[in-house]
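Mapping of the sequence shown onto the numbering used here: residues 9 to 415, in sequence order.
Since the hints were made in silico from the structure, they are not lab data.
Check the hints yourself; a few may be wrong.
[As the list claims (entries may be wrong)] Computed Cβ-Cβ distance ranges for the label pairs, DEER-style:
#1 Glu275 <-> Ala205: 42 to 48 Å
#2 Val379 <-> Ala332: 36 to 42 Å
#3 Thr115 <-> Thr404: 24 to 30 Å
#4 Val254 <-> Pro187: 34 to 40 Å
#5 Asp367 <-> Phe340: 34 to 40 Å
#6 Ala253 <-> Val379: 31 to 37 Å
#7 Phe238 <-> Ala163: 18 to 24 Å
#8 Leu121 <-> Arg185: 34 to 40 Å
#9 Tyr127 <-> Asp283: 47 to 53 Å
#10 Thr404 <-> Glu275: 20 to 26 Å
#11 Val122 <-> Ile214: 44 to 50 Å
Predicted, not measured: the structure shown is a model, and the values here were computed from it.
The beta-carbon is built from N, C-alpha and C at its ideal position, and this holds for glycine as well.
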Amino acid sequence: GGVAGVLEVVLATSLAALVFSGELAQHRGAGIGLALLGGAVVMLVIAGFSSLPFSVGSVQDTTATIIALLAARIAADAPREDAFLTVVLAITVATIVAGLFFFALGTLRLGDLVRFVPYPVIGGFLAGTGWLLAKGALGVLTDVPVSMATIGDVAGEWAKWLPGAAFAITVLWVTRRRPHPAVIPAVSLGAIALFYAVALVSGQGIEGARAGGWLIGPFPSGGLWRPWSFEALGGADWGAVLAQAVGMATMLVVGVLTLLLNTTGIELVTERDIDLNRELRAAGAANVAAGVGGGLVGFHALSLTALAHRAGARTRLPGIIGAAICVATLVFGASALSLIPKPVLGGLLLYLGLGFLLDWVVFAGRRLPRVDYALVVLILAVIAAFGFLIGVAVGTLVALVMFVVEY
Numbered sequence: 009g010g011v012a013g014v015l016e017v018v019l020a021t022s023l024a025a026l027v028f029s030g031e032l033a034q035h036r037g038a039g040i041g042l043a044l045l046g047g048a049v050v051m052l053v054i055a056g057f058s059s060l061p062f063s064v065g066s067v068q069d070t071t072a073t074i075i076a077l078l079a080a081r082i083a084a085d086a087p088r089e090d091a092f093l094t095v096v097l098a099i100t101v102a103t104i105v106a107g108l109f110f111f112a113l114g115t116l117r118l119g120d121l122v123r124f125v126p127y128p129v130i131g132g133f134l135a136g137t138g139w140l141l142a143k144g145a146l147g148v149l150t151d152v153p154v155s156m157a158t159i160g161d162v163a164g165e166w167a168k169w170l171p172g173a174a175f176a177i178t179v180l181w182v183t184r185r186r187p188h189p190a191v192i193p194a195v196s197l198g199a200i201a202l203f204y205a206v207a208l209v210s211g212q213g214i215e216g217a218r219a220g221g222w223l224i225g226p227f228p229s230g231g232l233w234r235p236w237s238f239e240a241l242g243g244a245d246w247g248a249v250l251a252q253a254v255g256m257a258t259m260l261v262v263g264v265l266t267l268l269l270n271t272t273g274i275e276l277v278t279e280r281d282i283d284l285n286r287e288l289r290a291a292g293a294a295n296v297a298a299g300v301g302g303g304l305v306g307f308h309a310l311s312l313t314a315l316a317h318r319a320g321a322r323t324r325l326p327g328i329i330g331a332a333i334c335v336a337t338l339v340f341g342a343s344a345l346s347l348i349p350k351p352v353l354g355g356l357l358l359y360l361g362l363g364f365l366l367d368w369v370v371f372a373g374r375r376l377p378r379v380d381y382a383l384v385v386l387i388l389a390v391i392a393a394f395g396f397l398i399g400v401a402v403g404t405l406v407a408l409v410m411f412v413v414e415y
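Please take these sequences and the hints and turn them into a complete structure.
Right under this line is the structure:
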């Protein structure tokens, strides 16, 4: 539970940095507070209501990636003074709607439909998620939104993104060779120690590193969380939020697919049958509760649940302890979070993105039939060029045609 809690703090901080980047970077402290609250609520509710006692919940990178795209569009279109509250309202609406959607599917007992989703289409989703995570990580490292128009500016900031890329590749290499749950915390702490050693030897110190834009802070003093979602009800631009309805629909599709795939993966790891419809209802309740506080979408974490199982956990304590650590960080940890180096934070995001791309673009070619692998690459290319919605539509259409031709 302690390891899960620390990892959840790191993940929630990373995903908040992804969502609140570019024009929204000045509100990153508040965004981290919202993500931590959502992570705590999701961990607690999943621990309390899952059919598998030691299930551990987490905020999710696949849905956070889409929310980051919505936030960037809102920030680009909305007036600067309204952008933050409008993004908070969009997150609140997206998370509550996702919760209601999950709960409705579970109530209607539609969870088993995941067995019919074509495997290469899922692979294309995950590869596209990896691409968007990697692109978002570069934005966090450089504070420059990544696009074809800004590629020169991003390349010019090589001194800022190169250390983060080196850290991401190191974590990826070590975790592939030594898949132990202590690897990521140990390598992250080592990277933080190395960063501050270099800062002290170079004479910059903490203040110099902060002035140079190498730290994610500073954050406001005191607790990180405020009831921003309630303030957003009256101060946000509702029209700008409703304009993102198509993107939210895409997030619902990706979210429910990821949730059901995670739970079926947990079945394989733990060798236990899981009631997928009950897990949908548990995730739905968790997201409705988290959304009220402005938290990001979250549900069962395959990696953290597998960790709890391998550690011998058979009760609901891992999720409860993890939630307590998130709450403690939320209340007391603002000053500590402001000292996290951007190369470590952005590097962890880049590690997640590279992991998806490695699994579904490099290794998938060795285990999938050529036609299926070509579909994965096609979906990735369409998502990179046109976005998730068109990638989903193209992938599904091609999969249907392939089914007809083969049979």
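Hint by hint, here is what the structure shows:
Range check, glutamate 275 to alanine 205: about 45 Å between beta-carbon atoms, so the 42 to 48 Å window is met. Distance hint check for valine 379 and alanine 332: the Cβ-Cβ separation is about 49 Å, which falls outside the suggested range of 36 to 42 Å. Range check, threonine 115 to threonine 404: about 25 Å between beta-carbon atoms, so the 24 to 30 Å window is met. Evaluation of the 34 to 40 Å hint for valine 254 and proline 187 yields a pass: the beta carbon distance comes to about 38 Å.
Remark: the range hint 34 to 40 Å for aspartate 367 to phenylalanine 340 is upheld by a beta-carbon distance near 37 Å. Judged by the Cβ atoms, the range 31 to 37 Å given for alanine 253 and valine 379 holds: they are separated by roughly 34 Å. A hinted range of 18 to 24 Å is violated for the C-beta pair phenylalanine 238 and alanine 163, which are about 42 Å apart. Separation of leucine 121 from arginine 185 is about 37 Å and conforms to the stated range, judged on CB atoms against 34 to 40 Å.
The beta-carbon spacing between tyrosine 127 and aspartate 283, approximately 23 Å, falls outside the hinted interval of 47 to 53 Å. At about 25 Å, the CB distance of threonine 404 to glutamate 275 agrees with the hint of 20 to 26 Å. Separation of valine 122 from isoleucine 214 is about 48 Å and conforms to the stated range, judged on CB atoms against 44 to 50 Å.
Violated hints for the displayed structure, listed by number in ascending order: 2, 7 and 9.
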